[in-house]
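Peer 1: Protein sequence lines, in the order shown, are assigned to chains A and B. Note that this note's numbering has the first sequence beginning at 1, numbered continuously upward. Note that this note's numbering has the second sequence beginning at 1, numbered continuously upward.
Warning: the hint list may mix true and false statements.
Mimicking DSS-like on lysine-lysine, the simulated pairs with C-alpha atoms at most 27 angstroms apart in a straight line are [said to hold, decoys possible]:
#1 Lys50(B) x Lys113(A)
#2 Lys341(B) x Lys113(A)
#3 Lys362(B) x Lys341(B)
#4 Lys189(B) x Lys50(B)
#5 Lys219(B) x Lys50(B)
#6 Lys50(B) x Lys341(B)
Just so you know, the hints here were simulated from the structure itself, not pulled from any lab data. Please read all numbers here as calculations on a predicted model, not as lab measurements.
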Amino acid sequence: MTRSLRPLMATTLIFLFAYMLAVLQHPGMLSTRVLGNFLTDNAFLGIASVGMTFVILSGGIDLSVGAVIGFTTVLVAALIMWMNLHPLLAFAIAMIVAAGFGAIMGAAIHYLKVPSFIVTLAGMFLARGGASVLSPDSIGIQHEFYSTISKSYILLPGGGRLTVVGLVMLAVFALAILLAHRTRFGSNVYALGGSETSAALMGVPVARTTITIYALSSALAGLAGIVFSLYTSAGYSLNALGVELDAIAAVVIGGTLLTGGYGFIAGTFIGVMLQGLVQTYIVFDGTLSSWWTKIVVGVLLFMFIVLQRLVFRAGSRRP
Amino acid sequence: MTDTPVLEARGVVKIFGQHRALDTVDFAAMPGEVHALLGENGAGKSTLIKILTGAYQPDAGELLLDGQPITLRDPLHGQGYGIGTVYQEVNLLPNRSVAENLFLGRQPTRFGLVRRHEIEARARQLMAGYGLDIDVRAELSEFSVAVQQIVAIARAVELSGKVLVLDEPTASLDRTEVQRLFGVIRGLKAKGLAIIFITHFLDQVFDLADRVTILRNGKKVATQPLSALNTTDVVRMMLGKDVAFEHHPSSLSSGARGAVRVQFQNIGRKGMAPFDLAVHEGEVVGVAGLLGSGRTEVARLMFGVDASEGGTFEVDGMPVTIRNPAQAVAAGFGFCPEDRKLDGIFGDLSVRENIIIALQAKLGWFKALNRDDQIELAGRYAEALDIRAANHDMPVRLLSGGNQQKVILARWLAIDPTFLILDEPTRGIDVGAHAEIVRTINRLREEGLALFVISSEIDEVVAYSNRIVVMRDREMVAELTGDAIATDAIVQAIAGTPQEVRA
Numbered sequence: 001m002t003r004s005l006r007p008l009m010a011t012t013l014i015f016l017f018a019y020m021l022a023v024l025q026h027p028g029m030l031s032t033r034v035l036g037n038f039l040t041d042n043a044f045l046g047i048a049s050v051g052m053t054f055v056i057l058s059g060g061i062d063l064s065v066g067a068v069i070g071f072t073t074v075l076v077a078a079l080i081m082w083m084n085l086h087p088l089l090a091f092a093i094a095m096i097v098a099a100g101f102g103a104i105m106g107a108a109i110h111y112l113k114v115p116s117f118i119v120t121l122a123g124m125f126l127a128r129g130g131a132s133v134l135s136p137d138s139i140g141i142q143h144e145f146y147s148t149i150s151k152s153y154i155l156l157p158g159g160g161r162l163t164v165v166g167l168v169m170l171a172v173f174a175l176a177i178l179l180a181h182r183t184r185f186g187s188n189v190y191a192l193g194g195s196e197t198s199a200a201l202m203g204v205p206v207a208r209t210t211i212t213i214y215a216l217s218s219a220l221a222g223l224a225g226i227v228f229s230l231y232t233s234a235g236y237s238l239n240a241l242g243v244e245l246d247a248i249a250a251v252v253i254g255g256t257l258l259t260g261g262y263g264f265i266a267g268t269f270i271g272v273m274l275q276g277l278v279q280t281y282i283v284f285d286g287t288l289s290s291w292w293t294k295i296v297v298g299v300l301l302f303m304f305i306v307l308q309r310l311v312f313r314a315g316s317r318r319p
Numbered sequence: 001m002t003d004t005p006v007l008e009a010r011g012v013v014k015i016f017g018q019h020r021a022l023d024t025v026d027f028a029a030m031p032g033e034v035h036a037l038l039g040e041n042g043a044g045k046s047t048l049i050k051i052l053t054g055a056y057q058p059d060a061g062e063l064l065l066d067g068q069p070i071t072l073r074d075p076l077h078g079q080g081y082g083i084g085t086v087y088q089e090v091n092l093l094p095n096r097s098v099a100e101n102l103f104l105g106r107q108p109t110r111f112g113l114v115r116r117h118e119i120e121a122r123a124r125q126l127m128a129g130y131g132l133d134i135d136v137r138a139e140l141s142e143f144s145v146a147v148q149q150i151v152a153i154a155r156a157v158e159l160s161g162k163v164l165v166l167d168e169p170t171a172s173l174d175r176t177e178v179q180r181l182f183g184v185i186r187g188l189k190a191k192g193l194a195i196i197f198i199t200h201f202l203d204q205v206f207d208l209a210d211r212v213t214i215l216r217n218g219k220k221v222a223t224q225p226l227s228a229l230n231t232t233d234v235v236r237m238m239l240g241k242d243v244a245f246e247h248h249p250s251s252l253s254s255g256a257r258g259a260v261r262v263q264f265q266n267i268g269r270k271g272m273a274p275f276d277l278a279v280h281e282g283e284v285v286g287v288a289g290l291l292g293s294g295r296t297e298v299a300r301l302m303f304g305v306d307a308s309e310g311g312t313f314e315v316d317g318m319p320v321t322i323r324n325p326a327q328a329v330a331a332g333f334g335f336c337p338e339d340r341k342l343d344g345i346f347g348d349l350s351v352r353e354n355i356i357i358a359l360q361a362k363l364g365w366f367k368a369l370n371r372d373d374q375i376e377l378a379g380r381y382a383e384a385l386d387i388r389a390a391n392h393d394m395p396v397r398l399l400s401g402g403n404q405q406k407v408i409l410a411r412w413l414a415i416d417p418t419f420l421i422l423d424e425p426t427r428g429i430d431v432g433a434h435a436e437i438v439r440t441i442n443r444l445r446e447e448g449l450a451l452f453v454i455s456s457e458i459d460e461v462v463a464y465s466n467r468i469v470v471m472r473d474r475e476m477v478a479e480l481t482g483d484a485i486a487t488d489a490i491v492q493a494i495a496g497t498p499q500e501v502r503a
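From just these sequences and the hints, can you work out the full model?
Peer 2: Structure (structure tokens):
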């Protein structure tokens, strides 16, 4: 087994084990209803985490994700409610704006040789500030399309509901897995994370790949913002505060090495689900403060960073 | 061999600042030959290689491929012309599979998706051609450096296939791995590739190469078939025999030696044979040996940069512990390292700050030297060593190499040392300053300091050493004193004549 698979296996086992424990305590948690809600409630985080996975795999970081989500909810709401555009057109515009924003950040990172941390931090302030300038107050979205979408779902056996936003997230993960593991672009992303110098010497188009990675991350954050607006039927500049940190946590818990080069999209999925599981457990328990989610995520993150250290140190001794 | 070289450099010149790294050098690689490129550090080997592969552009002269002039923008461009390079440190992706490393950038795809099975099958086939039966799906980093080198060679040959440049590929391989690699290289040579082989292991050159080109100080010394040469000839050509400096045995070895200042007993570590050495008051022990012979390693062990495995240190008869440089400084040692810019100077700090830094470190955090003391100290040593700087508050990086070296010397003299280690003190310094450094070393010796000086220039070592230690294969193999100190004797000792034949 490749050693980079080990953290992924660990995450999967921990998820299954934790779910089992939760079910033993609250048998109600083992139902398609709960599973369906898992997907719906974490859809925006999941989609944003996919973009974050590509960024981290390439050895970078994207701190602008939460702000881009917030900005997109406001932009979509403004386009629909103020400009009377059809939501689908508003979505398309929002995605293009987000992707362009990401591409500019990627270009700054590559051409100006500024660390991604700084560039995306600036991006975070810009997007959050831009959203507040557009509208400091929450804009409610009333549109037929929105009510249709939020009412449509696939009924799962056992009464669970697979909503549109849940489906969108699953589709994003499926496409992202193909993109990461089966395309030249995916190989180039891993190559950048392994060693940028080697990658350049081996003919990887570093500039194009870097720009595409950040454009992809922001576009997915835009999509996450759309999903968020569908979920809440509103646009608000302070939406999704700090979501970039939850996304980073999901990526790392999912077994991706924070320094880049190793990891799997599928791991991120489990990382997101693990966070969802903790939240659901707290709801079922009823007595725990919801802040326990943060504590559990903190402990898990720490565990995984230690685990990766051990795995990669042990691995390097093989002849 | 045919008569047209595959890759030829004619009259190539490369200038960095005021330094001529390469001075009208001619070089030609024939198809089906292994052409070794030899030279000490700073001889211009890596500059020439970088020009041949496209990493640098020559300031004058031209490159010809199959007799046609070409201009290379970068290594990728060179690769397109058929010139592939494998570096000492494998420039592949440790985190990806062998197959992926072989095919990155040219994966066969269908509907945009990479055809993984095809890549793996082709990779297996390719590796089998090199006599390797390995799991091509495993990560590259799981394999030994030798296997990684072969993968790198396979990729380079696949992509370029005319000229293969091997830049010290054997530096981190053991003997059987070297043989395995040589087998691969001989196979490629039989296929008609031109192979340019850079190494500092002479036995490997004689084992593998057909011809050798020797560079010294940016100039070509010779290109000759190896069948006509022996080790001594090669060493002599590499180290040169200018008569710029004369040894004066009478002045150096006459009279009683001073007391022993520092004594090293059984100091060594993995990959470096233990050595014993005593350095006396007013004595310069010179070290001669080729690059990679272990000269720098000895200096690092002495100064505690690398901790010795066992052995004892004594200063003026008292045992001391030296496991890190701070302890070495406390024991009164000073070290001017080989790479001045990287390990020696603090380029952005002023001359004054660079001079007082070791003394300040020795005094500790709470006894800060006040500004007047600093100015006084800097002024005193700048005058003593004739450091030429417009003022002592200018950044050291703006000084010339010779003056930078003197600043580092001043730094150590300020702590009133018992023992100074100088690793290549004259590297990259122009001729005038060169003679001045040598004079400074002589003067410090006369003032009673114990010095240990490493240099690749034999004539220079001869000029200031009371005693010369010769190193070969990470071992001190000979010690010359008094009248025995002569350039020829040293060359013989370095070459290990009568010529040894080793695998």
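Peer 1: Work down the list of hints and note, for each, if the structure agrees.
Peer 2: Against the structure, the hints:
1. Distance restraint check for Lys50(B) and Lys113(A): the Cα-Cα separation of roughly 24 angstroms lies within the 27 angstroms cut-off, and the hinted pair is therefore satisfied.
2. Straight-line distance between C-alpha atoms of Lys341(B) and Lys113(A) comes to about 24 angstroms, which keeps the hinted pair within the 27 angstroms bound.
3. At most 27 angstroms may separate the alpha-carbon atoms for a hinted pair to count; Lys362(B) and Lys341(B) meet this at roughly 22 angstroms.
4. Our distance criterion of 27 angstroms between C-alpha atoms is met by Lys189(B) and Lys50(B), whose separation comes to about 22 angstroms.
5. For the given pair, Lys219(B) sits about 16 angstroms from Lys50(B) by alpha-carbon distance, which is consistent with the 27 angstroms threshold.
6. Our distance criterion of 27 angstroms between C-alpha atoms is met by Lys50(B) and Lys341(B), whose separation comes to about 21 angstroms.
In terms of the numbered hints stated before, the structure departs from none.
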